[in-house]
Amino acid sequence: MKPLDVLLFAWTSLRGYPSRTWLMTIAMAIGVAAVVVFTALGEGARRYVVDQFSALGTNLVIVFPGRSETSGTSPGMFLGQTPRDLTLDDALALARSRAVLRVAPLAVGSALISFGGRSREAPVIGTTADWQTIRNMQMAQGTFLPAGDPHAPSPVCVIGALVRDELFGAGPALGQFVRIGDRRFRVIGVLATQGQHMGFNTDEMVVVPVASAQALYNINTLLRILAEARSREELDAAKRDMIRIIQDRHQGELDVTVVTQDAVLATFDRVLTALTFAVGGIAAVSLGVAGILIMNVMLIAVSQRTREIGLLKAVGAAPAQIRLLFFAEAVLLSSIGAAAGVVLGLIGNMAIVRLYPVLPAATPAWAVVAAVATAVTTGIVFSIMPARRAARLDAVMALSGR
Amino acid sequence: MINLDRISRVFQVGGQPVHALREITLAVEPGEYVSLMGPSGSGKSTLLNIVGLLDRASSGVYRLDGKDVTSLSDEEQAHVRREKIGFVFQFFHLVPRLSAAENIELPMALAGIPASERQARARELLDAYGLGERADHRPDQLSGGQRQRVAIARATVMRPSILLADEPTGNLDRASGKEVVQLLESLHENRVTLLVVTHDPELGRRAHRQLRLMDGAIAEDRREAAG
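The listed protein sequences correspond, in order, to chains A and B. Residues 1 to 402 in the numbering used here are what the first sequence lists, from first letter to last. Residues 1001 to 1227 in the numbering used here are what the second sequence lists, from first letter to last.
It should be emphasised that the hints constitute simulated quantities derived from the structure, not laboratory data. Glycine included, every Cβ here is placed at the ideal spot set by N, Cα and C. Be a bit skeptical, because a hint or two may be false.
Residues from chain A that face chain B, not an exhaustive set, calculated with beta carbons under 10 Å [claimed, not checked]:
1. 17
2. 305
3. 310
4. 317
5. 343
6. 344
7. 394
Derived list of chain B stretches under chain A, where covered just means 3 residues or more per stretch with a C-beta under 8 Å from a C-beta of chain A [claimed, not checked]:
8. 1074-1082
9. 1095-1104
10. 1110-1120
11. 1188-1194
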């Protein structure tokens, strides 16, 4: 029997029982569509996080004070010293590395900012002019902190869009004096609205020169230091240099943690890819269920069409041919279902993208391929048993309709 | 051509062996017209199924055209059935979702004959059997007599040397029954060996050789001149 004839015959039997074919196609399509949509959501979440990190600025190296791992005996342990804090001079020293393009120290606190009768509690970031470039901050009005001696406090501040709205309303903000804590600062710039960045909402914060922030909180330490490597290739060199510089400055002790943005990103990437696989896998369970449905339906088809099978045998169909016919029917059924499912899933994707434009939902190609392959494979696997049963039918019994 | 040597067929019914055929020895020559008669349960249909290779004998040897076919595998038997044997049933057994022409094409499709040749041969038979107008009708749009003629066309489209008919008129009115018998006999005149199982004594008497079965054995084997 020619392959085309096998397919045509299978097609006539699918057409001959339309309600059965519809139901099976829908079951299969839902399974495939579920895989397509779920993996699109997972992939969307992954891309969202990756985008967030990219917005942070590329080639970023971050230095935290303290070290989370246990490192043998050190002189400090006998002297009862705690890990050294990061200082502004540590940050400035990092710029000596040839691989480091620019450095921004970061001192963070919270303070009451007030203007006229209104006041608002806001996170206060103490940093330098380079922070704007490293974090890729856009200005809505005015200028960012001026470049200058980082050690010199200066009574200027840059405020977030929300802070401006809350304190000044429709009135002008630039050039006004606000009170932050117990000091007065002149507003020289307003940040553009950029939303959430790694837990900081830039709209509601206040940026002051690092020395001013340290004076405000009466500290000489930094929360962290951001540094930007010259290029992606020099990221590792920058990290090595920074570790060495800090070690030199801290009497040979490595008491900081240096991470590249890449490493953080890779971790998130791994976690979210695993998540995508997990939701895809859960959806694939529905494909398994659809496979069992196919088996069920094919078994019913075999008993419904006993006479037809007997007749096929009488007109000279070999058992292998009968197996092939039922097999082709199941494969055709699952392929149509899978194709419908892909279409359905992609429509679902478009709906998600339309409803939540923030989430860059897109089904990865591997998920489409895997879903279709799983659908067709389950179709094949679960049709083996019914096809064998059909081929084994006793022709005489089958023809008598018993 | 058909050579049965001590063929027995035993069924197990509720753990009890039932002898449907007891050591039947029978030879049928090419071009013979044989009727198989006998009461229900006498084994005539079983004998026809064994001759048609739909059923396997429990013991004995069956030679078809001098070749032992009892020892063939299922696949080989299917091949012999396709090439040499045509079946006509009481209940027609047309595939309901296929048109008359498609039903006739079925054995040719199984044999891997190209579609163009299949259509030509089906067309030829439909015209010859007076069904030219009905080619695209489905079985439920055909009368009983027409259905049986489609079934005969399907049985003969592979040009088998043996035609086996199990109660071919059993489900038809007298007029269509007569047409079907005429069709079968005209095929016999074209040198097809014809075996007919029937309850109808009138139809049985038309055969040139009449076998009467009783309790799984041949009780009577009568030959007479055509008429």
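Hints versus structure:
1. 17: 8 Å, holds
2. 305: 9 Å, holds
3. 310: 7 Å, holds
4. 317: At about 5 Å, which falls below the 10 Å cut-off, the nearest Cβ of chain B leaves the hint on residue 317/A intact, so it holds.
5. 343: 27 Å, violated
6. 344: Cβ of residue 344/A sits 28 Å from chain B, so the hint is violated.
7. 394: Because about 8 Å separates residue 394/A from the closest Cβ in chain B, which is inside the 10 Å limit, the hint holds.
8. 1074-1082: Satisfied; 6 residues make the cut.
9. 1095-1104: holds (count 5)
10. 1110-1120: holds (count 5)
11. 1188-1194: violated (count 0)
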